[in-house]
Structures are given as structure tokens and as C-alpha cells.
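Enquirer: If you read the sequences in order, they're chains A and B.
Residue 1 is where the first sequence starts when you use full-length UniProt numbering, and the numbers rise one by one after that.
Residue 1 is where the second sequence starts when you use full-length UniProt numbering, and the numbers rise one by one after that.
The set of hints was computed from the structure by calculation and includes no laboratory data.
Please note that a few of the clues may not be correct.
Which copy? The list can't say, so a pair holds if one copy fits it or any two copies do.
Straight-line alpha carbon distances no greater than 25 Å define the calculated SDA-like cross-link-like pairs of lysine to any residue that follow [to be verified]:
no.	residue 1	residue 2
1	Lys-181	Glu-196
2	Lys-32	Glu-116
3	Lys-7	Leu-114
4	Lys-137	Glu-254
5	Lys-64	Arg-101
6	Lys-32	Ser-216
7	Lys-181	Pro-153
8	Lys-181	Glu-250
9	Lys-233	Ile-171
10	Lys-233	Val-25
11	Lys-181	Gly-170
12	Lys-109	Ala-247
13	Lys-109	Leu-37
14	Lys-181	Arg-157
15	Lys-7	Tyr-108
16	Lys-137	Asp-95
17	Lys-181	Ser-204
18	Lys-137	Asn-115
19	Lys-7	Glu-60
20	Lys-137	Phe-211
21	Lys-137	Leu-231
22	Lys-64	Ile-50
23	Lys-32	Gly-20
24	Lys-137	Lys-181
2 protein chains.
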Amino acid sequence: MTQRQVKAAVLLIGDELLSGRTQDVNLQTIAKFLAPLGVQVAEARVTADIPDEIIANVNELRAKYDYVFTTGGIGPTHDDKTADAMAAAFGVSIDVRDDARAILEAHYKGMSNLNEARLRMARIPDGATLIANPVSKAPGFQIGNVFVMAGVPSITRGMLEDVGHRLEGGIVVRSRTIRGKGVREGAIAQGLAELEAATNGVVSFGSYPWFAPPDSFGVHLVARSGDIAALDKAAADLMAMIRSCGADPEEVVES
Amino acid sequence: MTQRQVKAAVLLIGDELLSGRTQDVNLQTIAKFLAPLGVQVAEARVTADIPDEIIANVNELRAKYDYVFTTGGIGPTHDDKTADAMAAAFGVSIDVRDDARAILEAHYKGMSNLNEARLRMARIPDGATLIANPVSKAPGFQIGNVFVMAGVPSITRGMLEDVGHRLEGGIVVRSRTIRGKGVREGAIAQGLAELEAATNGVVSFGSYPWFAPPDSFGVHLVARSGDIAALDKAAADLMAMIRSCGADPEEVVES
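Work the whole structure out from these sequences, hints included.
Expert: Written out as C-alpha cells, the structure reads:
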């Protein structure tokens, strides 16, 4: 563990995420998995299944961040374009690889044939290492600082188990969330800005209003920091601020 | 309505989306709202509440696409940085504007004071037009081809009602979804690629496997096109393909 900030980007790949057909859940899964490892997601993008777009995005993001995590586009069908795009982005060749082929052969043996389409899932860029898929076997892969995973949420989650141990994390940013029912953002905005300014960048504060029709409302105030003592003080300050508005503060434990 | 493709980007702004605290739902809402108007979401990004990042992203996206839709960061607190970032991106000044102030005054009259923090929500870049907020009144705004909306999902949805009539849509891309229970992607991959190739780019096909533990699985096959006759033929072709795998195809009506 270094004591620097380690930052990552998430690249979600798939037409279905942009058409509105599919609600992405992988960004949240990945962010929550990485945070306790000391890796902060600093940016995310959603791109269509278009090779040039995938290539441009991954090359920009892998230069800018410590790690890049992609989901989607590594299945057996013609619209799965991620593996070839990654090879192109890194300027390496790609072909069916024996280690990936062996995994698929063991899985499809006796179930049905390992046909040409399924063999597409054994296409791995030169120099990449495999990422195990505990759900449906067809592997993901790591190439350089880029981790290429499947898009089906249960498989993405499963693949992360074979990703975590490869990461060198930095400062772990923790958060505390205080809920103020009946409190409006406008009432605490000035105080919140002053709290943040007083920490000199050690703690960042966020304010998230909520509305529960017909007439319930309030605010969640979130403090984030890599410094536990500063975070404890921040949480106490937020509770005091909610009380000063005449409400009972409640700490929310985020899952 | 023109008969060209009209494309848009969505820029989701907020630390909470990247930390995993909040599950975004606005991308799907916006994509589903725009599709029947003939506007396709071609790319999305999620950025932190960092002015330079917001400015760089919006300037890149507004040059690349017909429209840009942003959510988040226009509330009263110090972490709401979107309005000022938009003014900087367009190189215009920003201040409290009378029309926005009047909306807030009418709303906060008798409820509590329109304090300095709340007045931040009346800061509108020069040359922008307001977007009505039917939920909590504080307006969004349109500047150039960029529509700046709130991030609370009910408010985002409400603001879209004052956005739709400003858009000039193009070809409306429709989709048909056929479900094949018990069908594996590997069994239909080759046929699917051949179907797509035979349409010469008129129809695009997507394949989305699903798994329902412990042992149910299948595939959703999606055809997308701006040509209704071609889409009807594609749906019939997909049903025949599912039947050729020994399964009963089912059409799924997407909400």
C-alpha cells in the first residue's frame, strides 16, 4: 500500500446501455469493490460496440489513470468487439490461445460442441493474462493496466475476485453519511462550505437532497476522507449542523 | 424531422456516482425519453464535481454530437459546480438572473428565506434559456446544444418535459426483442452474424445472454433499425432462429 491516491476509470461497453434497454449496475459494483482496496474510480464512460470508439477511449483512459476496468463485449457473437479492440489499442496481435481454449473445452465437453463462435471467446490479445470466470468459464483478461471483464453483472462480480489481488492500492478513502430528515439543502449550504474550507482539502463534503412523495424530504450529508480522525470529526460536525436545524441526525450505514 | 441520424451524449456529473454511493438511473431515463423523438444516445460519461473535468468533457461532447444532456451539480451547495463550469466552457459570464430569481422567490415565499445559498440556484450563464423544474422549482438551463438538468431522478424526469419540444429529431430507431429460453449464445452466433451482414447495415443485431440461478438461462436477441419493414423481417428471422434451436421464441415488449 502506497500513501498516494490511486485512481481508476471504468469503461462500460455496449449498445444496450446507451439505448436504455439495459440499466447498468456494474459501475457501482466495481466502485464499491475497489474503494476498500484503495483504488478510487475517478471517471467512467459508456461506449457503443464500435471498435474505433472503444480503442480511442481505452487509450485515453489507460494513459490518464492507474487502472482501467472494462465490462462487456467479450462474448461469442458478432457484436462482441472488445477483445479485438483491446489488441488494436495495445498494438498487439490476437488469436485463439491455448490456455483459454483449454478452459472452454473443459466446460463445453459433454454439454454441446465448442463451435467456431464459442472459440471466439478464447481469442486473447498477445501478452494478456487471463481473468477467471467462476460463472460461465469464458475468461476475461488483463493487458497492461486494463482489466477486461464480461458485462453480465453476476459474471463481472465473479471476475473481480480474480482482479483484486493484482491491484496496488493507495489511500483508502472512507465516507460517513448523516441523514437529516426535514432539512433543506439551502439551510445548511453555507455551513457545509465552511466546514469543507476549514479542513484544507483533507475532507470533502457532499450534499444529496432526497424527496419521498407526498411530503417527506431531507438531505444526506456525506464526508469523505483518507484520514480517519478527520472523518470522525467531520461526522460529528455534520450531526451538530443537522441538530442546529432542529432535526435529529441519523447516521446511515452504506452497504 | 430530418431523415439523418441525430446523436447525443449524456454527461452525468457527481462524485456520488463514481464512489458507488448512488446508482445512476438517469442515463436510462434520458435514453428512453429521447429514442422516440429520433435522438440516439451515442456516448455517456460520468465525471466528478471537478470544474476542469466538467469543462473539458462538455466542450468535447458538444462539438462531437448534436446534443448534450447533463445531470447533477446545480443545487445550492458548494459541491454544485456545474452551472459555473458551463459558463466557463462557453466563455460567458454567469450571475444571479432575474427570471430564475423570480421563480425561486415565488417558491420560497412563506416557506423559508431565499438565502444566499439558495440564490446560487438562480445563477444562470449569459445567453442560456431556463428549463422548468416542476418538482422543486429551481430551474435547469439550455445553453447552445447543451441541456443542463438536476440529478435527482424525479427532477431530471420532470425537466425532460420542458426539453423534448426543443429538439429536432431524426430517424427514429426502433427495436424488437426476441427471447429464447434455454438457447445459448454460441448456438446462434454464426446465424446472427449472417443475418446482420445480409441487411447491409439497415438492421443491427445484439445478443444478450441471461442467467437465472440455479439452472435457467437463455438469450435475448435484439434487432434495431430505423426501417420498420426491415425490422419486422428481422424479428421474424430471429424467431425462426430460436425455433431452429428447438426453443419457443417469445417477443419481449420493453417498457
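Enquirer: Does each hint fit the structure? Answer for all of them.
Expert: Here's how the hints hold up against the structure:
1. Within a single copy, Lys-181 and Glu-196 get their C-alpha atoms as close as 22 Å, which meets the 25 Å cut-off; across copies the closest is 54 Å, which misses it.
2. Proximity of Lys-32 to Glu-116 under the C-alpha cut-off of 25 Å is found in neither arrangement, the shortest distances being 37 Å within a copy and 35 Å between copies.
3. When the C-alpha separation of Lys-7 and Leu-114 is checked against a cutoff of 25 Å, the pair qualifies neither within a copy, at 39 Å, nor between copies, at 39 Å.
4. Proximity of Lys-137 to Glu-254 under the C-alpha cut-off of 25 Å is found in neither arrangement, the shortest distances being 32 Å within a copy and 30 Å between copies.
5. Proximity of Lys-64 and Arg-101 under a CA criterion of 25 Å is satisfied in neither setting, with 33 Å inside one chain copy and 40 Å between copies.
6. Proximity of Lys-32 and Ser-216 under a CA criterion of 25 Å is satisfied in neither setting, with 29 Å inside one chain copy and 28 Å between copies.
7. For the homomeric pair Lys-181 and Pro-153, the shortest alpha-carbon distance between copies (19 Å) is at most 25 Å, but the shortest distance inside one copy (33 Å) is not.
8. Taking CA atoms no more than 25 Å apart as the test, Lys-181 paired with Glu-250 passes inside one copy only; the shortest distance there is 9 Å, against 46 Å between copies.
9. With identical chains, the CA atoms of Lys-233 and Ile-171 are at most 25 Å apart within one copy only, with a shortest distance of 19 Å there and 55 Å across copies.
10. In this homomeric assembly, Lys-233 and Val-25 never come within 25 Å of each other (Cα to Cα): the closest approach is 33 Å inside a single copy and 33 Å across copies.
11. In this assembly of identical chains, the alpha carbons of Lys-181 and Gly-170 never lie at most 25 Å apart, being 35 Å within a copy and 45 Å across copies at closest.
12. Taking the shortest alpha-carbon separations for Lys-109 and Ala-247, only the inter-copy value of 22 Å comes in at or below 25 Å, while the best intra-copy value is 63 Å.
13. Taking the shortest alpha-carbon separations for Lys-109 and Leu-37, neither the intra-copy value of 37 Å nor the inter-copy value of 48 Å comes in at or below 25 Å.
14. Taking the closest pair of Cα atoms, Lys-181 and Arg-157 come within 25 Å of each other only across two copies (23 Å); inside a single copy the shortest separation is 34 Å, beyond that limit.
15. For the identical chains of this complex, Lys-7 and Tyr-108 are neighbours neither inside a copy (38 Å) nor across copies (41 Å), given an alpha-carbon limit of 25 Å.
16. For the homomeric pair Lys-137 and Asp-95, the shortest alpha-carbon distance inside one copy (18 Å) is at most 25 Å, but the shortest distance between copies (57 Å) is not.
17. Taking identical chains as interchangeable, the C-alpha atoms of Lys-181 and Ser-204 lie at most 25 Å apart only when both belong to the same chain, with a minimum of 22 Å there against 48 Å between chains.
18. In the homo-oligomer, the alpha carbons of Lys-137 and Asn-115 lie at most 25 Å apart inside one protomer (15 Å), although the nearest pairing across protomers, at 58 Å, exceeds that limit.
19. Proximity of Lys-7 and Glu-60 under a CA criterion of 25 Å is satisfied in both settings, with 14 Å inside one chain copy and 22 Å between copies.
20. Taking identical chains as interchangeable, the C-alpha atoms of Lys-137 and Phe-211 lie at most 25 Å apart only when they sit on different chains, with a minimum of 13 Å there against 43 Å within one chain.
21. In the homo-oligomer, the alpha carbons of Lys-137 and Leu-231 never lie at most 25 Å apart, since the shortest distance is 42 Å inside one protomer and 34 Å across protomers.
22. Taking the shortest Cα distances, Lys-64 and Ile-50 sit within 25 Å of each other both inside one copy (21 Å) and across copies (16 Å).
23. Taking the shortest alpha-carbon separations for Lys-32 and Gly-20, both the intra-copy value of 23 Å and the inter-copy value of 5 Å come in at or below 25 Å.
24. Taking the shortest Cα distances, Lys-137 and Lys-181 sit within 25 Å of each other only across copies (20 Å), while inside one copy they are farther apart (47 Å).
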